[in-house]
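Asks: Sequence:
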Amino acid sequence: MSTDFGEHRLAIVGAGVMGTNITTLALGHGVPVVLVDVSEAVLEQARATIKQKLRHAQLMGVLPADRPQGELTTSVSLDDIADATTVIEAVTEVAEVKEKVLTAASAIVRPGTTLISNTSCIPIDEMAAWVARPEELVGVHFMNPSYLIKMVEVIRGPRTDAGIVEAVTGLLTVLGRESLVINDSTGFVINRLLHPLINTAAMLVQEGVASAEVVDGLLEGCLGHSTGPLRTGDLIGLDNLVDSLNVLYERRGDESCRPCDLLLAKVRDGHLGRKSGRGFYDYGKVAS
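Reminder that position 240 of the sequence shown reads as 496 in this note's numbering, one-by-one numbering, no gaps.
The reader is advised that the hints may include incorrect statements.
DSS-like mimics (lysine-lysine), calculated; alpha carbons at most 27 Å apart, straight line [unchecked claim]: (1) Lys531 <-> Lys307; (2) Lys406 <-> Lys531; (3) Lys356 <-> Lys531; (4) Lys406 <-> Lys307.
FYI, nobody ran anything at the bench for these hints, they're computed from the structure.
Produce the entire structure from the sequences given, and follow the hints as far as they go.
Replies: Pasting the structure below:
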């Protein structure tokens with residue numbers, strides 16, 4: 257398995273929270289990135305965000321000091337992913353949006369190109385029906401922030417080729433990540449465990465059983481949760497959380513995944529968590 261970072265040409269589609277996180281991780285490990293989104297305004301903000309995240313990662317000492325930074329290219333044209341060795345789809349967790357991007361991307365890239373979905377809930381085999389070569393599609397669930405959290409969940413679909421899984425784990429090694437490979441399932445491992453927990457925590461606040469601070473404090477103090485479920489929800493983005501819960505509920509029928517009224521109200525009011533400056537907690541300003 258090669259760990260030569262010079263052989264990788266990465267394209268990332270989607271310049272939101274996860275797209276900029278993964279771009280930061282790749283650039284910091286010397287891998288060039290083509291970042292694609294729908295408007296120049298979005299990309300301008302993304303460039304500023306990535307610069308800030310690179311500075312943060314360097315201050316935290318989580319990037320290799322012996323590698324030159326990878327080159328960032330931004331584009332509003334999906335055609336610019338054509339020469340990539342790996343393409344990562346990092347758009348919102350809505351099946352129709354992912355289908356549009358993955359269908360178009362798979363028609364542009366050459367055979368043998370690794371196609372990754374940074375999905376958090378949608379099954380890989382469902383998405384495999386949207387692409388030209390299902391065997392080249394694999395799921396990689398990066399955590400937020402990707403440049404700080406070393407563990408990555410890799411999802412092998414029923415049609416995913418073993419060589420593609422090996423290529424992905426090799427790329428993740430280059431990016432300084434550890435990976436564990438699982439089989440396909442709606443929500444995979446992390447979010448089948450985490451998302452119902454956050455939803456239940458929000459329900460406890462909604463019912464007046466305890467404040468957000470108390471719920472998180474109990475999970476932190478009694479169970480060793482590093483940030484508490486509601487602070488974690490704010491970090492994920494409550495809109496993204498609701499999208500993922502809807503996927504889990506629609507596909508699994510699990511009532512614990514039906515988004516509670518408080519979550520839905522916060523999303524309606526634009527209180528999306530750290531990225532909007534307010535969610536279950538007030539962050540005082542819009543977080544990058």
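Asks: Has the given pair, Lys531 with Lys307, been kept, meaning a C-alpha gap of at most 27 Å?
Replies: holds, 16 Å
Asks: Run the distance test for Lys406 versus Lys307: straight-line Cα separation, threshold 27 Å.
Replies: At roughly 20 Å apart (the allowed maximum being 27 Å), Lys307 and Lys406 satisfy the hint.
Asks: Lys406 and Lys531 were given as a pair; does the straight-line alpha-carbon distance stay at or below 27 Å?
Replies: holds, 22 Å
Asks: Against the 27 Å threshold, does the CA-CA distance of Lys356 and Lys531 hold or violate the hint?
Replies: holds, 25 Å
Of the hints listed earlier, there is not a single one the structure fails to meet.
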